[in-house]
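Heads up: the protein sequence lines correspond to chains A and B, in order.
Under my numbering, the first residue of the first sequence is numbered 1, with each subsequent residue one higher.
Under my numbering, the first residue of the second sequence is numbered 1001, with each subsequent residue one higher.
No lab work stands behind these hints, which were simulated from the structure alone.
Since this is a predicted model, take the numbers as computed values, not measurements.
Some clues are possibly wrong.
[Claimed, not checked] DSS-like, lysine-lysine: derived pairs with alpha carbons at most 27 Å apart:
#1 A/170 with B/1209
#2 A/52 with B/1007
#3 B/1292 with A/145
#4 A/15 with B/1007
[Stated by the list, open to error] Quick list of the computed label-pair ranges, beta carbon to beta carbon:
#5 A/226 with B/1341: 24 to 34 Å
#6 A/104 with B/1165: 38 to 48 Å
#7 B/1341 with A/104: 32 to 42 Å
#8 A/63 with B/1344: 45 to 55 Å
[Said to hold, decoys possible] On the chain A side, residues computed to face chain B include the following (Cβ under 10 Å):
#9 48
#10 49
#11 50
#12 52
#13 56
#14 62
#15 79
#16 88
#17 99
#18 111
#19 119
#20 122
#21 164
Note that CB positions come from ideal geometry on N, CA and C, so glycine has one too.
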Amino acid sequence: MLSVTQASLAFGGIKALDDVSFTAASGEITAIIGPNGAGKTSLFNIISGFYKPQQGRILFDEQDITHLRADKRAELGIARTFQNIALFRGMSVLENIKLGGHTRLSTGFWSAGFFYGEARREEARLRAEIERDVIDFLELDHIRKAPVAALPYGLQKRVELGRALAMQPKVLLLDEPVAGMNREETEDMARFILDIQARWGTTILLVEHDMGMVMDISNQVVVLNFGRQIALGTPDQVQANPAVIEAYLGTSATTEATATEEPA
Amino acid sequence: MITGHFKTDYSADEGIWSNWPKRWGLVAALIGLAIFPFMASNYALLLAGQIGIFIVAVTGLNVLIGYTGLMSLGHGAFFAVGAYTTVAIHHEWPLTFPLITLVISTVVAAAFGVLFGLPSLRVKGLYLAVATLSANFIILFLIEQDWLAEWTGGVRGTETPNAVFFGIELVSQQAKYFFIMPVMVLMLLFAQNLFRTRFGRALIAIRDKDYSAEILGIALFSYKLKSFAISAAYCGAAGSLWAYFFPAILPEDFGLNMSITLVVCLVAGGMGRTLGPIFGTILILLVPEMLKVVAAAITGGDATSQTWVSPTRDILFGLMIIGFLIFEPMGLVNIWDRFWRFMSRWPFAK
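Use the sequences and the hints to build the structure in full.
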């Protein structure tokens, strides 16, 4: 569905991404993990179109999108959420989610200004669709008219997910969906992600630091460290990979771990 | 008192005249607008016409500043484009139907708006304000050129035509009022509708978080230019009405001074709301008149006191605006909102 081949991105002398390659299979959850500054968000930014990689290609549905503008990629069906919530703060929950439907609507300027025919029908249809597929699904009914700025953090994250869902995306990029959430909120979010995958077969890419959740729900894990891809595989394979353990715990920790293991 | 909104389908919930105070408020406002000219003096009608025209222009500026979050200090120039296009059309074809002139003036102003909106691709905020400032000087410079003087009258200004509908010439203040107000009401409704659909939501999204708008598939540059075009078009329409309303126009009517007045009206009324431009314009254009009346009452119309009365009035007006910005930074709409919030709970709670 989505593949990144030998992508490299540098800001001056700093290599944010260095020869990263992986394929996110259709309908599966791919997690991207790595220590802080490993290049996870940069990877998301080249996929969603904010940065253009200096080398390498990005293929979406066998189409080369490496040089496409961000809004064109959205039209193709790539949606994302941000690490620091990027909701439209002056609007209600409902209006935020409606914006997710932007690419699927076709109301023109004149029809919009007079609010006749097409515009009126389309707005009613969008509303019904959002109520069914997003608000009901993500359990947001009680806050649909609330201004987003007044909502607690966990709910804002959920509204942002809802906005992405309203795009009916083929690929969904989630940048730290459970960062700063408590156990219960994390479990809710994990359940929503699995439900999205099951209900619409959406291909999901996920950047996350919560290892418990990553290992529980992903089909494939990509590990980055200092921009380089140090491991790729199923959660079990990655967890057993010495390079990954080293990146997370440091060299001495690895030797200590092996040392304590030896007597047994 | 409204205890709740009971709706049975989504279309009803999406409506803008969703409850009886709004519906009856609209009806009352329209009836008020319609009977006002039969009760008002000529001077009051002059003020009303001016306010109506300014509301159109400020509503346009609201699309750009209030809803799209792009700053402009050059919209007085698009006002001028509208006014002078109307004069030029009547110079060439004296019998053009006024609504056709109005539409052409609007389109020409929109084209200038797009041109001066081009910097918005790269710059935002104060930088954009400075970039748009140039519109005042460039457009007024063009209007004052000798080779355009045949149509614009150059620096000395020009007389303007009266609108003629099916052989009826609109000469009196009252007749002109009935040309301006329907245009104003329609343009207000158009703007109001725009912001409940895909198009307007995209503009608000750009204001609130531009990169987030981009990943939802909103082409930033195209929408920013459209926003410039719409706002300039509203100012162009206002300019056209202005040319029909006043007997003569001068280039200096439209310069930086007008650009700033438009922004002040918007800020005083409240940005990003349909009612904002209405409240703001009425306040900013009426208060100097009230101060005039008060000053005349105090001095008893004594001519010798004129030397200090007029500057004092300006200082009072300035102080009032500063006070307003400090105590009501969200504009007059905020007071309006508070009033209705209070009313919805009264008499059970305060």
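Verification of the supplied hints:
no. : hint                          : result
1   : A/170 with B/1209             : holds (23 Å)
2   : A/52 with B/1007              : violated (48 Å)
3   : B/1292 with A/145             : violated (45 Å)
4   : A/15 with B/1007              : violated (56 Å)
5   : A/226 with B/1341: 24 to 34 Å : violated (54 Å)
6   : A/104 with B/1165: 38 to 48 Å : holds (44 Å)
7   : B/1341 with A/104: 32 to 42 Å : holds (35 Å)
8   : A/63 with B/1344: 45 to 55 Å  : holds (53 Å)
9   : 48                            : holds (6 Å)
10  : 49                            : holds (8 Å)
11  : 50                            : holds (7 Å)
12  : 52                            : violated (14 Å)
13  : 56                            : violated (21 Å)
14  : 62                            : violated (21 Å)
15  : 79                            : holds (7 Å)
16  : 88                            : holds (4 Å)
17  : 99                            : holds (5 Å)
18  : 111                           : holds (8 Å)
19  : 119                           : holds (5 Å)
20  : 122                           : holds (8 Å)
21  : 164                           : holds (8 Å)
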